[in-house]
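If you read the sequences in order, they're chains A and B.
When the letters of the first sequence are read in order and numbered with my numbering, they come out as residues 5 to 535.
When the letters of the second sequence are read in order and numbered with my numbering, they come out as residues 18 to 312.
Since the hints were derived computationally from the structure, they do not count as laboratory data.
Be aware that one or more of the hints could be misleading.
[Unchecked claim] Interface residues of chain B toward chain A, partial, derived using beta-carbon atoms under 8 Å:
hint, residue
1, Leu70
2, Arg72
3, Ala90
4, Pro100
5, Ser104
6, Leu109
7, Glu113
8, Asp116
9, Leu117
10, Leu118
11, Leu121
12, Arg142
13, Asn267
14, Tyr308
[Claimed, not checked] A few chain A residues that don't get close to chain B, going by computed Cβ distances all over 12 Å:
hint, residue
15, Arg13
16, Arg18
17, Val31
18, Leu91
19, Leu149
20, Gly152
21, Gly200
22, Gln231
23, Val249
24, Ala278
25, Thr388
26, Val430
27, Val464
28, Pro480
29, Thr514
For glycine and all other residues, C-beta sits at the position ideal for the given N, C-alpha and C.
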Amino acid sequence: MIGTWNLVRLALRRDRIILPIWVLALVGITASTTTALEELYSSPESRKLLGITANSNAAFLSMLGPLHDSSTLGGLLAWRWGVFAALFAGIMSLLLVTRHTRAEEETGRLELISATVVGRHASLAAAIIVAAGANVLIGLLIAGLLLGKGLPAQGVLAFASSIVVTGLVFTGASALTAQLSENSRTANSMAGALLGAAYVVRGAGDSAGDNGPEWLTWVSPLGWAEQVRAFAGDRYWVFAIPLAVFVLTIAAAAVIVTKRDVGLALLPTRLGPARGASSLRSPFALAWRLQRGTLIGWTIGLFIVGVVYGSVAGAVGDMVRDNPALAKIVNEIGGEGGVTDAFIATVTQIMGLIGSVYLVQSTLRMRSEETSLRAEPVLATRVTRVGWVASHAVFPLVGGAVVLAAGGLGFGLLHGARENDLGGVVPKLIGASLAQLPAAWVVAGVALALFGLFPQLTGVSWAVLATSLLVTLLGPALQLDQWVLDIVPYTHIPKLPGASWTFEPFLWLTGVAVLLLAAGFIGFRRRDLTT
Amino acid sequence: MTYAISVSGLVKTFGPTRALDGLDLTVRTGEVHGFLGPNGAGKSTTIRVLLGLLRADEGTARLLGGDPWRDTAALHRRLAYVPGDVSLWPNLTGGEVIDLLGRLRGGLNEKRRADLLERFELDPRKKGRTYSKGNRQKVALVAALSSDVELLILDEPTSGLDPLMEAVFQDCINEERERGRTVLLSSHILAEVEALCDRVSIIRTGKIVETGTLSELRHLTRTSIAAELASSPNGLSAMPGVHDLVAEGNRVRFEVDSDQLDDVLKQLVASGVRTLTSQPPTLEELFLRHYEDAK
Ligand SMILES: Nc1ncnc2c1ncn2[C@@H]1O[C@H](COP(=O)(O)OP(=O)(O)OP(=O)(O)O)[C@@H](O)[C@H]1O
Ligand SMILES: [Mg+2]
Chain A
5 MIGTWNLVRL ALRRDRIILP IWVLALVGIT ASTTTALEEL YSSPESRKLL
55 GITANSNAAF LSMLGPLHDS STLGGLLAWR WGVFAALFAG IMSLLLVTRH
105 TRAEEETGRL ELISATVVGR HASLAAAIIV AAGANVLIGL LIAGLLLGKG
155 LPAQGVLAFA SSIVVTGLVF TGASALTAQL SENSRTANSM AGALLGAAYV
205 VRGAGDSAGD NGPEWLTWVS PLGWAEQVRA FAGDRYWVFA IPLAVFVLTI
255 AAAAVIVTKR DVGLALLPTR LGPARGASSL RSPFALAWRL QRGTLIGWTI
305 GLFIVGVVYG SVAGAVGDMV RDNPALAKIV NEIGGEGGVT DAFIATVTQI
355 MGLIGSVYLV QSTLRMRSEE TSLRAEPVLA TRVTRVGWVA SHAVFPLVGG
405 AVVLAAGGLG FGLLHGAREN DLGGVVPKLI GASLAQLPAA WVVAGVALAL
455 FGLFPQLTGV SWAVLATSLL VTLLGPALQL DQWVLDIVPY THIPKLPGAS
505 WTFEPFLWLT GVAVLLLAAG FIGFRRRDLT T
Chain B
18 MTYAISVSGL VKTFGPTRAL DGLDLTVRTG EVHGFLGPNG AGKSTTIRVL
68 LGLLRADEGT ARLLGGDPWR DTAALHRRLA YVPGDVSLWP NLTGGEVIDL
118 LGRLRGGLNE KRRADLLERF ELDPRKKGRT YSKGNRQKVA LVAALSSDVE
168 LLILDEPTSG LDPLMEAVFQ DCINEERERG RTVLLSSHIL AEVEALCDRV
218 SIIRTGKIVE TGTLSELRHL TRTSIAAELA SSPNGLSAMP GVHDLVAEGN
268 RVRFEVDSDQ LDDVLKQLVA SGVRTLTSQP PTLEELFLRH YEDAK
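Chain A on its own, in the form it takes in the complex (with noise of 0.2 Å):
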């Protein structure tokens, strides 16, 4: 553990800009839509409405889970931002820890810091510190705010902590994914699988209703968060499961740490052939190699997602049907064409905005095939720019198209199979699936245009996606102004299947979309290649 102190106040120092971003940025949604629910649920009777709707609807209960106690800011609170907000302490947790130890062995600096004073287990400690650390500070930032609007202690603190736990949970995820894979990327799928996996098990729990898996939230750890009930009961004694499986998970990271070599995976490499395969011959056979195995993952977890999805779809239906009172109240808010329709539409949007990860991530490959300096001997050959640009972004266009698809077609099979209609099922919810491609390359396009114009703000992409993604599924509830919801590409899509079908918008956010990408390739055509 020698050396620890001194790694963690390089990664303060590296992570100076990023991590105060995120700190902010969880306390300030805290902040602002808290409020935001203040103003709009002031009075009893709009409380206990939105309490009904929320428990009924299948579409919210799989998005945000159940509205346990809605006579409360703090209930309120808990049900609209808790699960998203444990969420994101995932995500910020995920990305440090792999930051700070599988990318620094990966590009060899860890090799630089080992070879001074440092114990075998402090980039690990480290990294964990700091995670930890900043996971506390945000919950301690979170409950300091909501102290000071006047909620119960009881429920803040319950309210914070599992916002902490879920992030020390995947602080532990993390830590071992890293060990496991020699390759940054591949560890940060891993625990990005493992997060999306629990966030879609826990939705499936959460809408299952009365007969269906409602054990599936205790499978997932963002479930856990929602288990603890906030300002519903607290119950403090859930907090012992993600508390274990912390200290497990970072146990294991340690041992293995011991096991094994720098640079070095628990799983060693084999060799491999020592002639390229002569299909190995242009920039898209390279790209190919490099991009399947992140395509072939990402068809298989959307289909997943589908398959979960689709799985609770039709209970969505048999809730209503058994309680006609509320089959009343539902419809009226559940879109056009009722309220399955009004579920598949949302769950499309999810996966949608699932999928457009998908579609950042495999444009922003370009940028890391450049920054790495493997892009230079490719492009001292004779592939153009234009040709390199091309061969990569097939994979967000049509790659993600693919991504989309395979999650209706999952969500169509087990819909489709309850419906006995797999034949007309299956095709609408893949087309309806696909609907979402144009939103999608509009923010893939965005991706693009950052590469070709400005590659050093590449990053930036992932900000855009966070803001559509969060002013996409909480901006209608919170009641944001119209010409928020505008600005992103999500809103424009219509609400397919219910809602009647148009042309229009499919037309120019495809426009845009070619009209980004094409800025991306001709600034990419001009501009020197940088680090």
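Assemble chain B with the ligands onto chain A, guided by the hints.
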């Protein structure tokens, strides 16, 4: 005389840094041209401009008769490049990288590929992430040397090679010269440059400060002289080409530019020489002089 590379007045700035500051460089067709200079002098920047990876702010550059920024793809068929910092894809084997880069360049010579792998003792089945720095460099070298191209642009290709492999590399470059290829070789290793290069250019803070054949450069070096004279030396300090003169009574120590040696010795003889020691010029001294002046 035709030129494979001719560059004049090249300027490239990165923000406040003037990486290239009016650089002139000519490389004749068929020669091995050494490109030397201290860290940060602008060698890699020059090479990147020549490859069309960077766009120069001012000046003109011609490469194999074309414009490196505009005729990029056409020119790249005719050259091969080994970067200073070879970074390989973690999941591709060395053999796959060699084949890929060769094919992207327009094909590679199978016999040479096999021969080079053997001579460099490189295992092509290893994954990119498991190669050492020297082995990564060998992958790039094999890929470049087994391509049938007119021009090789090598940016410090031997900085990670052990002495045995350095010798293999020198043999390979000599074979390339016999095949009539042009080589631009950036390097810090004087022995390598002396062994391989027909002509040399020395770059310092973005400008070429010396250029010529090795014997022309030797001409620029200084001889160290220590002498005891019959009478006190006169006029020595005023003579052109005399440096670092230290005079103690009738004893003098100084350095003299090789092309002024004759005149200076005549002057010494005029004062009557009792003892004389001289140290012959070395290129090393010349390089160190340029390297030190950069600091
Ligand atoms: N992309 C860049 N952005 C900013 N500055 C740069 C960039 N590339 C090079 N420089 C600067 O330009 C100067 C020349 O760098 P260059 O890499 O060409 O040197 P070099 O002669 O190859 O050095 P070395 O022997 O260390 O490889 C240096 O001062 C370097 O810091
Ligand atoms: Mg260099």
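Can you give the numbers of the hints that this structure goes against, from lowest to highest?
Hint check: 13, 14, 24, 25 fail, others pass.
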